[in-house]
Amino acid sequence: MEREELIQLIKDNTMDANEVAEYLEVSKQRISDMNRQGKLVSIKKGIYFKTRC
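With this note's numbering, the residue at position 38 of the sequence shown is 38, and numbering never jumps.
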């Protein structure tokens, strides 16, 4: 896999906290609260996997 392909794969399958807040239509503070409560799990601080529902 080429570097560019890997970067695109990561971009296609992750969201940052701002994107999650926009997607869920909540504030960034609410995202932090949900993370603390275990309702969201980050893979790295402020980075979340996209899941297929």
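Honestly, I wouldn't trust all of these hints.
Claimed, not checked - Below are the BS3-like pairs computed for lysine-lysine, each with C-alpha atoms no more than 27 Å apart in a straight line:
id, residue 1, residue 2
1, K28, K39
2, K44, K11
3, K50, K39
4, K11, K39
5, K50, K11
6, K11, K28
7, K28, K50
8, K44, K28
9, K45, K11
10, K45, K28
Calculated directly from the structure, the hints in this document are not laboratory data.
Note that the coordinates shown come from a computational prediction; the quantities given were computed from them, not determined experimentally.
Taking the hints in turn, this is what the structure says about them:
Under the criterion of a C-alpha separation no larger than 27 Å, the hint pairing K28 with K39 is consistent with the structure, at around 14 Å. Only pairs whose Cα atoms come within 27 Å are accepted, and K44 paired with K11 is accepted, the gap being roughly 14 Å. Under the criterion of a C-alpha separation no larger than 27 Å, the hint pairing K50 with K39 is consistent with the structure, at around 14 Å. Distance restraint check for K11 and K39: the Cα-Cα separation of roughly 22 Å lies within the 27 Å cut-off, and the hinted pair is therefore satisfied.
A distance of roughly 10 Å separates the Cα atoms of K50 and K11; the hinted pair therefore holds under the 27 Å criterion. Using a Cα cut-off of 27 Å, the hinted pair K11 and K28 holds, with the two alpha carbons roughly 20 Å apart. Only pairs whose Cα atoms come within 27 Å are accepted, and K28 paired with K50 is accepted, the gap being roughly 17 Å. Proximity of K44 to K28 is assessed by CA-CA distance (about 16 Å); at most 27 Å being required, the pair is judged to hold.
At roughly 16 Å between alpha-carbon atoms, K45 and K11 fall within 27 Å of each other, so this suggested pair holds. A C-alpha spacing of about 13 Å is found between K45 and K28, which places the hinted pair at or below 27 Å, so the restraint holds.
The structure is consistent with each of the numbered hints, conforming to all of them.
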